[in-house]
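In terms of this note's numbering, the sequence shown opens at residue 743 and continues consecutively.
If you're looking for bench data, these hints aren't it; they were derived computationally from the structure.
All C-beta atoms in this analysis are idealised placements derived from N, C-alpha and C, irrespective of residue type, glycine included.
Accuracy of the hints is not assured; some may be wrong.
[Claimed, not checked] With a Cα cut of at most 27 Å, we get these calculated DSSO-like pairs of lysine-lysine: (1) Lys943 to Lys839; (2) Lys843 to Lys861; (3) Lys870 to Lys891; (4) Lys839 to Lys870; (5) Lys977 to Lys943; (6) Lys1033 to Lys977; (7) Lys977 to Lys989; (8) Lys873 to Lys843; (9) Lys831 to Lys870; (10) Lys887 to Lys873; (11) Lys891 to Lys943; (12) Lys839 to Lys887; (13) Lys861 to Lys839; (14) Lys839 to Lys873; (15) Lys899 to Lys843; (16) Lys1040 to Lys977; (17) Lys899 to Lys1009; (18) Lys1009 to Lys977; (19) Lys948 to Lys891; (20) Lys1040 to Lys989; (21) Lys989 to Lys1033; (22) Lys870 to Lys943; (23) Lys948 to Lys887; (24) Lys943 to Lys899; (25) Lys887 to Lys943; (26) Lys843 to Lys870; (27) Lys989 to Lys1009; (28) Lys861 to Lys887; (29) Lys843 to Lys831; (30) Lys899 to Lys989; (31) Lys887 to Lys899; (32) Lys831 to Lys873; (33) Lys831 to Lys887; (34) Lys873 to Lys861.
[What the hints assert, rightly or not] Simulated restraints on C-beta separations: (35) Lys943 to Ser814: 35 to 45 Å; (36) Glu967 to Ala810: 21 to 31 Å; (37) Asp862 to Ser1022: 38 to 48 Å; (38) Asp804 to Lys1040: 41 to 51 Å; (39) Ser1013 to Ser814: 33 to 43 Å; (40) Ala972 to Gln842: 51 to 61 Å.
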Amino acid sequence: MAALSSATSALVGNCSVAKRAAAAPRTRAWCRTSSAGQNASTHTHRRVIVAHAAAGKGPGADAVSEVANMDSLIDLLVAANNEEAALAKLVAENVLKFDQKMWMRIASRSDAAPTQDDKDTFMSLAGKCMKLVEAMVEQTETTIKESSKVLESIVAKAADPTTGEFNVPLQPASVARMREAVDAATVDERMLNTVYAWIRKSDEDKMDGMVHILQHLLQCYAARELDTGATPLDKVLGASADVWPAKFDEIVSGGFEEEAFNRDLQKRMESVVLGLPNGSYTQRVQAEYLKEIEDRGKQFYAGRV
743 MAALSSATSA
753 LVGNCSVAKR
763 AAAAPRTRAW
773 CRTSSAGQNA
783 STHTHRRVIV
793 AHAAAGKGPG
803 ADAVSEVANM
813 DSLIDLLVAA
823 NNEEAALAKL
833 VAENVLKFDQ
843 KMWMRIASRS
853 DAAPTQDDKD
863 TFMSLAGKCM
873 KLVEAMVEQT
883 ETTIKESSKV
893 LESIVAKAAD
903 PTTGEFNVPL
913 QPASVARMRE
923 AVDAATVDER
933 MLNTVYAWIR
943 KSDEDKMDGM
953 VHILQHLLQC
963 YAARELDTGA
973 TPLDKVLGAS
983 ADVWPAKFDE
993 IVSGGFEEEA
1003 FNRDLQKRME
1013 SVVLGLPNGS
1023 YTQRVQAEYL
1033 KEIEDRGKQF
1043 YAGRV
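Turn these sequences into a full structure, and let the hints guide you.
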């Protein structure tokens, strides 16, 4: 269940590749320059291929662009090689780009360097980057293990206290117990990443019941984050989905009409979109929760006409 996220798996694989690349012979046939005795027509054909690739024609265009992108990053890494903090930041921002091709490209640049000092600079850089990537992998794996333990304890609260079995759809009492566990836990971006990893794994294994439970967990988290207690809308936001109709009845009876609902909801959505890191799980979960509230609200107010 506690599956590694795709990003973590990529990091682990990249570290293994890095170690193999560092241990591999420095001289490779595809890095060597052509000998003087090679056929002239071969040189001409090669120049035509390179020319077409550089012009964006033929299958080599993507490869040329890829090498250029790798070289740009390598140049930035070289410039930051003697600044520990800057190098660490640069590696962290581009960590998933350190795949087999990147390590081989650094080795190739070292082989082609004009002086021994330049060669040593590239190899020193590779060693530093490798250590940084490995440290990130270890930290990510540790974080996932810690998040998984907390997640297991939260999910366990949804089980029947007597039998230990999960009964889905979850009953209100089960959701309430899980809500209490979520409220007492630190649910951050790393935790949410683990939740989504569990959801993907459960979906692949056809464990629909677990997907249902995890979705409720995300709703509990979103309700906690969005309920400010400041307006009537918070009575809906802070409640579980099964009591939303009753909560809508309550706030409408208190004079909270559709126009006020839409205006308040729009402000909450703007706060989530503009106030949370773009593309983050925290933003995604809260925005999806607000969208669900919006859809339910539209249905409720339309039914009153």
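Each hint, compared with the structure:
no.	hint	result
1	Lys943 to Lys839	holds (25 Å)
2	Lys843 to Lys861	holds (18 Å)
3	Lys870 to Lys891	violated (32 Å)
4	Lys839 to Lys870	holds (15 Å)
5	Lys977 to Lys943	violated (34 Å)
6	Lys1033 to Lys977	holds (16 Å)
7	Lys977 to Lys989	holds (6 Å)
8	Lys873 to Lys843	holds (18 Å)
9	Lys831 to Lys870	holds (13 Å)
10	Lys887 to Lys873	holds (21 Å)
11	Lys891 to Lys943	holds (16 Å)
12	Lys839 to Lys887	holds (24 Å)
13	Lys861 to Lys839	holds (22 Å)
14	Lys839 to Lys873	holds (15 Å)
15	Lys899 to Lys843	violated (46 Å)
16	Lys1040 to Lys977	holds (16 Å)
17	Lys899 to Lys1009	violated (33 Å)
18	Lys1009 to Lys977	holds (16 Å)
19	Lys948 to Lys891	holds (22 Å)
20	Lys1040 to Lys989	holds (14 Å)
21	Lys989 to Lys1033	holds (17 Å)
22	Lys870 to Lys943	violated (34 Å)
23	Lys948 to Lys887	holds (23 Å)
24	Lys943 to Lys899	holds (20 Å)
25	Lys887 to Lys943	holds (16 Å)
26	Lys843 to Lys870	holds (17 Å)
27	Lys989 to Lys1009	holds (20 Å)
28	Lys861 to Lys887	violated (39 Å)
29	Lys843 to Lys831	holds (21 Å)
30	Lys899 to Lys989	holds (25 Å)
31	Lys887 to Lys899	holds (19 Å)
32	Lys831 to Lys873	holds (13 Å)
33	Lys831 to Lys887	holds (24 Å)
34	Lys873 to Lys861	holds (19 Å)
35	Lys943 to Ser814: 35 to 45 Å	holds (36 Å)
36	Glu967 to Ala810: 21 to 31 Å	violated (43 Å)
37	Asp862 to Ser1022: 38 to 48 Å	holds (40 Å)
38	Asp804 to Lys1040: 41 to 51 Å	holds (46 Å)
39	Ser1013 to Ser814: 33 to 43 Å	holds (37 Å)
40	Ala972 to Gln842: 51 to 61 Å	holds (53 Å)
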